[in-house]
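Trainee: These protein sequence lines map, in sequence, to chains A and B. Using the numbering used here, you'd call the opening residue of the first sequence number 1 and step up by one each time. Using the numbering used here, you'd call the opening residue of the second sequence number 1001 and step up by one each time.
Errors might be hidden in some of the hints.
Said to hold, decoys possible - Dumping the calculated DSSO-like pairs for lysine-lysine here, alpha-carbon to alpha-carbon at most 27 Å: (1) A:K313 / B:K1055; (2) A:K77 / A:K389; (3) A:K313 / A:K389; (4) A:K66 / B:K1055; (5) A:K362 / A:K186; (6) A:K77 / B:K1055; (7) A:K186 / A:K313; (8) A:K250 / A:K77; (9) A:K186 / A:K389.
In case anyone wonders, no lab produced these hints; they're calculated from the structure.
As a plain string of letters, each chain reads:
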Amino acid sequence: MTNDDLSSRENIRDENVRNSGHANRGRSEDFWAITFGVIIVSLAMFLTWLFGGSTVGWINKPGEWKDNPLASIAGAKANVPVWLGTTVGLGVIGILMTAVFASRRELIRGIIAYLGIASLAALAMVMSGQEVLKYYNLEYVLWALLLGWVIGNTVGIPPWLRPSVRGELFIKLGLVLLGMEVLMGKLIILGLPGILVSWVVTPIVLITTFWFGNKILRIESPSLTMTIAADMSVCGVSAAIATAAACKAKKEELSLAISLSLAFTAIMMVVMPIGIRIIGMDDIVGGAWLGGTIDSTGAVAAAGAALGERALKIASTVKMIQNVLIGVIAFSVSVYWAATYGDETAESKQSFFKEVWARFPKFVLGFLMVSIIASLIDATGATGSNLVKQSIDSVTKEIRNWLFCLAFVCIGLEMRMETLWPAMRGGKPMILYLVGQSLNLLLTGAMAWVVFGWLFRDTIVQWLPT
Amino acid sequence: MAVQRHHRAVASHVTKQNTDRTGYRGLIQLFICILVISLIWTTLLPIMGEIDSVKAWIEPLRTRGINPAGMYYTDVYER
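Could you build the full structure based on these sequences and the hints that come with them?
Mentor: In structure tokens:
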């Protein structure tokens, strides 16, 4: 074997090690994500069991404001000042991160860096609280990206900030916590009609869009195609984050998919209810159509509310069922990716399953484990359901939001426009989104009309009289 | 050997000069970005919030406690 061969094999191995998350000294990011996720979920349940509803407000984020940004941290939630809840939220993540910094022997540098990143995340949250942006669905992820991108592309990432630029770890931990909110029991709320609209059309649109992007548009990066297909067909930003992590998309690809989704969501949220009224579509079918097509969950509720109370309930419930699909999609994509697009190396000629396992993003298992445990507790009855709901509302949901905010600050810092241009060549991602969304509108509209307007109409009218 | 050392010193000097220039330009760019962001958030957006059609969109949602920026179904209703 020549020196060149050896050097090439070394490079490939280094690349594989980096991809599997072991590049840094100490434990892998998947290990930290699962461990921290389990700690946070256990603590959330224990504290909620101990203190009940009084845990509300302990962890919080800056609120809404109109013309004075300071108003966002001035209020209180359940008698706990917002600034305190914000500090606790970021503090909990900071305390957990000290274990990562300590394992890398950069405790002090790591803590200082985390304070910097956390301050930027807090600023992004304050920016997202401005009422116009908030009510037009322009989420904090966009502003976290913007802040990071501005710094990263003007003065560059300051060296003192680098130890805490751990976007992937924040995303993986946030996704493990999101598992707590993926409750299988939510599926039966709207029963068969909701499942038919959300679970039959969504995978068809996802797979067709992915195929269209790869085979017809010939977009160079399959991970970009998959991320756009998932955020457009499932539930916007959260699906994009989960799928991008499952198919190891580049941060620029995730940012592009999210920006496309947020831009079109803001338009669809306002235009679709008007269109439904103009064509005289019934509010039951209209609600189901909104729920199955508008990407972002909050925007679905806003559009549904514009149509009326019954449309709001149907739209939100269809979307909720679609939200639960995120677990199945993330798992399926990670298995498919591990089997299809993993790194081929001379050393890894082992059995198919061993190969898939070696390439599989392990944090997805933490996500599924948390989801199954929370679903089981939720199904035990009113007490269990209440415990899960309160733990989500007062602890895990808020920490998950902070983690995604921190992640997008880091992604923005590391994002370089020059790496994004090749992916955007010819406007292909935009064409992909438009074609996929048109198919989504068509299929979901047809299914909503058949299921909500015809097959189950009487049942729904009984359940939700005007 | 001496020539190599000289080349390395020249390269280092040039890199330092470039870095200083980029750093200076970067600081100005950062300052301009901060200024633009501050103006948008503290002046433009509050003015947009006063437009009647925007108010008509915001008010009913606020009354119902709906958060259109909710990422997941657990984020949608504010209590």
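Trainee: Take the hints in turn and mark each one as holding or not.
Mentor: Checked hints:
no.: 1; hint: A:K313 / B:K1055; result: holds (23 Å)
no.: 2; hint: A:K77 / A:K389; result: holds (17 Å)
no.: 3; hint: A:K313 / A:K389; result: holds (19 Å)
no.: 4; hint: A:K66 / B:K1055; result: holds (12 Å)
no.: 5; hint: A:K362 / A:K186; result: holds (26 Å)
no.: 6; hint: A:K77 / B:K1055; result: holds (25 Å)
no.: 7; hint: A:K186 / A:K313; result: holds (14 Å)
no.: 8; hint: A:K250 / A:K77; result: violated (37 Å)
no.: 9; hint: A:K186 / A:K389; result: holds (12 Å)
Consistency with the previously given hints fails for number 8 only.
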